[in-house]
Amino acid sequence: MEPLVEVEGLTKRFPIHRGLLQRTVGHVHAVEDVTFSIRRGETLGLVGESGCGKSTTARLILKLLEATEGTIRFEGRDITRLSAREMRPLRRELQMVFQDPYSSLNPRQTVGQIVGTPFAIHGIEGSTRSKVQDLMERVGLNPEHYNRYPHEFSGGQRQRIGVARALALSPKLIVCDEPVSALDVSIQAQILNLLLSLQHDFALTYLFISHDLGVVRHVSDRIAVMYLGRIVEIGDAGDVYGVPKHPYTAALLSAVPTGEAGGEMKRERIILSGDVPSPVDPPPGCAFHPRCPKARLVTGSPDEVPENCRTEIPPLRNSGGRQQAACWYPLRPDDELQRVVSHEPRGS
Amino acid sequence: MTSLAGPVESAPLMGQVVGKSPRQLAWERFRHDRAALAGLLVIVLLVLISIFAGVIGKYLAGHGPNDLFQREMTDEFGLPLGPNSDFWFGADTAGRDLFVRVLYGARTSLLIALAATGIAVFIGVVLGTAAGYFRGVADTIVSRVTDVILALPLLLLAIGIAAACGTTKEGCLNGAIEPGLSLVVFIIALFSWPYIARIVRGNVLSIREKEFIESARSLGAGNVRIMFREVLPNLIAPIIVYSTLLIPSNILFEAALSFLGLGVPQETPSWGRMLSDAAGVFDVAWWLMLFPGLFLVATTLAFNLVGDGLRDALDPRSGR
Ligand SMILES: Nc1ncnc2c1ncn2[C@@H]1O[C@H](COP(=O)(O)OP(=O)(O)O)[C@@H](O)[C@H]1O
Ligand SMILES: [Mg+2]
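If you read the protein sequences in the order shown, they are chains A and B. Residues 1 to 348 in my numbering are what the first sequence lists, from first letter to last. Residues 1 to 320 in my numbering are what the second sequence lists, from first letter to last.
It cannot be assumed that every hint is accurate.
[As the list claims (entries may be wrong)] In silico DMTMM-like cross-links for lysine to aspartate or glutamate, where the CA-CA straight-line distance does not exceed 25 Å:
#, chain 1, residue 1, chain 2, residue 2
1, B, Lys20, B, Asp33
2, B, Lys20, A, Glu144
3, A, Lys172, B, Glu211
4, B, Lys20, A, Asp134
5, B, Lys58, B, Asp86
No lab work stands behind these hints: they were computed from the structure.
Produce the entire structure from the sequences given, and follow the hints as far as they go.
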């Protein structure tokens, strides 16, 4: 069956303007050559540290941003260059749940107005009030609170309002951009379970974004790991979590408290040296090479990495497991990454 | 700050809790602000005085604003006489009842200040919203124009315009601008809209970055809908506050123009003009300066108190 969403070579570079004349002096490489597809009815988890381009990817797919390069296909149709007007009917199919439950709801509108907005915009006939109240009930809000304002609700309830709004037009795809990151841990599970039950009831497809691997694991069928604007590993959740092939994935996973990630094996923490490089000037070759423990394992020296890591960008490809990884030296079961860097952190 | 600590996750079950709109919350806060309430009382009184100046003058004093009482109220040297039981505020240099003229002066002040502020707010909101929402060229033009106007030596220029357009009956620009009340309103509005535009622009710039704007866009909302439904409702509070604070400064602006003899026409009672009339004789006729001055101070103070009270009550941070 044809995938719901296909993204190919997606790239977004934000120009940086400086000086009196606002000349372009460089670019933020927010998203670089990203390719993946989302199958109908599945949840694709997109993980990576803050600033790696997850939200930008989401906004590109929803056409809230214009792609610099690449194509986005929805149900086989190329929507990359559609105008705002041409996009309008498609807006019903593609929805988003936002990260910040405070800034994502207009403080001057009642819940009724907020959840009713999609009906008003698309000129949908019939009683908006009863439709909105049905939605409120479905997401676990009291329909009698129709006339209340966002400030009267807790963070978790506000996120439910955001979910109701996204659900209003019966979309096919909902992009959830860190929908629980701003919430208390005790409330995160409630919202995640709500999303799962809605997916089941309405045959929804999710692109689920988070920097928290534990959260993504809980909801995702497949997982894509991003680093500095690129996807470094993608595959079924069990494969990526069980036997990660990219050293970055392994490092991320090792930071998740055991038990939460559900990893089969007990992981020792892999501490990466240095910080994430700036997306304005990403490292050549594999963007991860300056911090990569595996590259150092290959050379046997903490200060050296193989030449191709420094010069050639590794493609996403099958790497010994069922998933795909963008690495010249994908992990093998006997690699002991924590040994490589933990005894001699570079630059300190 | 009821929002964060107040309702908890189980709140859907507490159906009996009555919700309050942002407006109700603001009124709650305003109600407990005594200074602002006092200011509001003064403003209400002033509005009543302006509306019923004629009636009050007729029944309390029995005089009209331009009735001359040279025989009763000027001494042998032609100097006005002070307050007595018939002329509560005394008489002015022409022998008119100062009490009645001060009442009518309230009408002039409020009328001009409100009209000028209304026009300024309309222009300021339209241009400020356009600049902040569309940014780019629209923003550059609006921002430069406001910068220039705010940098101008305002009173000096106003004197220039008023002198050029106010002295001849035909006005200037081929009669497009004629002397009189509307000219004063025009001048004041011209110099005060940039304040509103600047504040509105700043607010729009920050609101347009909020996720709810992006959400509206992702639902397919167009610019017009986003501006009117999503952005403007969030601007009501600052617009109300800064309009209220603009009124007293415009009242003073009118008084200054009239003081300089460039404001309202000769026969129209105006506090500013009364003060300028008083300037020559205040050592012998203190009441000429005291009463119009008192009203002017009370009026501007009242509006400022209400404006500050509104700012505290409507503060978006405490309203969240
Ligand atoms: N509108 C923008 N203009 C310039 N740079 C941006 C913009 N949006 C995002 N960026 C930059 O792009 C990079 C990726 O951002 P983002 O997609 O928000 O990351 P994430 O959601 O993974 O935290 C960051 O370096 C960020 O600063
Ligand atoms: Mg993000």
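Hints versus structure:
1. With a C-alpha separation of about 19 Å, the suggested pair Lys20 of chain B and Asp33 of chain B falls inside the 25 Å cut-off, and the hint holds.
2. Restraint check: the Cα-Cα separation between Lys20 of chain B and Glu144 of chain A comes to about 14 Å, which is no more than 25 Å; the hinted pair holds.
3. With a CA separation close to 21 Å, the supplied pair Lys172 of chain A and Glu211 of chain B stays within the 25 Å bound.
4. The suggested pairing of Lys20 of chain B with Asp134 of chain A holds, with an alpha-carbon distance near 23 Å, which does not exceed 25 Å.
5. About 12 Å separates the Cα atoms of Lys58 of chain B and Asp86 of chain B, which keeps this hinted pair within 25 Å; it holds.
Hint check: no violations occur; every hint is consistent with the structure.
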